[in-house]
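> Residue numbers (the numbering used here), protein chains in the order written: chain A, 1 to 112; chain B, 1 to 115.
To be clear, the hints were calculated from the coordinates, so they are not data collected in a lab.
Each hint should be verified, as a subset may be incorrect.
[To be verified] Taking CB as the label site, the calculated pair distances span:
id: 1; chain 1: A; residue 1: SER28; chain 2: B; residue 2: ASP63; range: 28 to 34 Å
id: 2; chain 1: B; residue 1: GLN80; chain 2: A; residue 2: THR55; range: 29 to 35 Å
id: 3; chain 1: A; residue 1: HIS10; chain 2: B; residue 2: GLN50; range: 34 to 40 Å
[As the list claims (entries may be wrong)] Listed below are the simulated DSS-like cross-link pairs for lysine-lysine, each with C-alpha atoms no more than 27 Å apart in a straight line:
id: 4; chain 1: A; residue 1: LYS68; chain 2: A; residue 2: LYS104
id: 5; chain 1: A; residue 1: LYS68; chain 2: A; residue 2: LYS58
id: 6; chain 1: A; residue 1: LYS69; chain 2: A; residue 2: LYS104
id: 7; chain 1: B; residue 1: LYS57; chain 2: A; residue 2: LYS104
id: 8; chain 1: B; residue 1: LYS11; chain 2: A; residue 2: LYS104
id: 9; chain 1: B; residue 1: LYS57; chain 2: B; residue 2: LYS14
Where is the CB? At the ideal position from N, CA and C, for every residue including glycine.
Each chain, written out:
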Amino acid sequence: AQSVTQLGSHVSVSEGALVLLRCNYSSSVPPYLFWYVQYPNQGLQLLLKYTSAATLVKGINGFEAEFKKSETSFHLTKPSAHMSDAAEYFCAVGGANSKLTFGKGITLSVRP
Amino acid sequence: DTGVSQDPRHKITKRGQNVTFRCDPISEHNRLYWYRQTLGQGPEFLTYFQNEAQLEKSRLLSDRFSAERPKGSFSTLEIQRTEQGDSAMYLCASSFTGGSSYEQYFGPGTRLTVT
C-alpha cells in the first residue's frame, strides 16, 4: 500500500521568497515520486519526478525536490517565487508503470 | 505529440441519467488511466488499461461505472444512473511502458455536475 501526506492545505509566500512544499510518503515497495501542478480548470502537469536515480531532482520552472529515504520525504522547493507559480501542487507516489496515489494537494499563493 | 484529450470538457446531467466520457491518449502510449478528483482533494485512481485489457479497478469503481478501451486506443468511461456524489472532475492519463520515464500525461479532464 502507498500513501502521501501533504501537510497544510495552503501556503502563502511573497514574490521572490523561498517556496517549500512538504511531502511525506509511505510505500511498501521502492517508490517513484512525482510532483504535479494544476492550474484552475486544467489537468495536471508534471513538474519533476524521482525514479531511483539522483536523489536531487530538478524540474521545470526552477523547481527542485530532494528524495530522502530516511525521512520518507520528497519536499518541493523553489528559491524565488513568481506570481505565475500560484497554483495547486500535488505530490504522488507510485511504482514503475503503475497507478499513482496522490496527496490532497497544497494551494500556493504568491503575494506581490 | 498532441497530448491527451478528453471530451466533453463539461457535462451537466440530472440525477439518474447515464453519461459517457471519452479519452484519447497520446498515440504511442499503451497504458491509459482514469482518475476522479473531487473538490479540494487529489486525484483518486479508478482504473487502468494496458492496450485493450483492463488490468485493475479500484473499489471506488462501483457497478454503475464501466470503462472500455476496445481497440487499445481511445477509452470511454460510462456512469449509469448518476448520483449527486458522482459530481467530480474525471481525469484521464496515458503513459508508455517501453521506456524508463514512468511519467503519466494527463488530459484536461471532464467536469461532471449532477443536479
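> Does A:LYS69 pair with A:LYS104 here, judged by a C-alpha cut-off of 27 Å?
Holds, at roughly 21 Å.
> Given the proposed pairing of A:LYS68 with A:LYS104, does the C-alpha separation stay at or below 27 Å?
Distance of about 21 Å is within 27 Å: holds.
> Between A:HIS10 and B:GLN50, does the beta-carbon spacing fit 34 to 40 Å?
38 Å, holds
> Quickly compare the C-alpha distance for A:LYS68 and A:LYS58 to 27 Å and report which way the hint goes.
15 Å, holds
> For B:LYS11 and A:LYS104, compute the direct alpha-carbon distance and say whether it is at most 27 Å.
This hinted pair holds, its Cα atoms lying about 24 Å apart.
> Is 29 to 35 Å a correct range for the gap between the Cβ atoms of B:GLN80 and A:THR55?
Between B:GLN80 and A:THR55, where Cβ atoms are some 46 Å apart, the hint is violated.
> Is B:LYS57 within 27 Å of A:LYS104, Cα to Cα?
The given pair, whose Cα atoms are some 21 Å apart, holds under the 27 Å limit.
> B:LYS57 and B:LYS14: Cα distance at most 27 Å?
26 Å, holds
> Range first: 28 to 34 Å. Now tell me if the beta carbons of A:SER28 and B:ASP63 are that far apart.
Hint holds: Cβ distance 29 Å, inside 28 to 34 Å.
Against the hints set out earlier in the document, a violation occurs for number 2 only.
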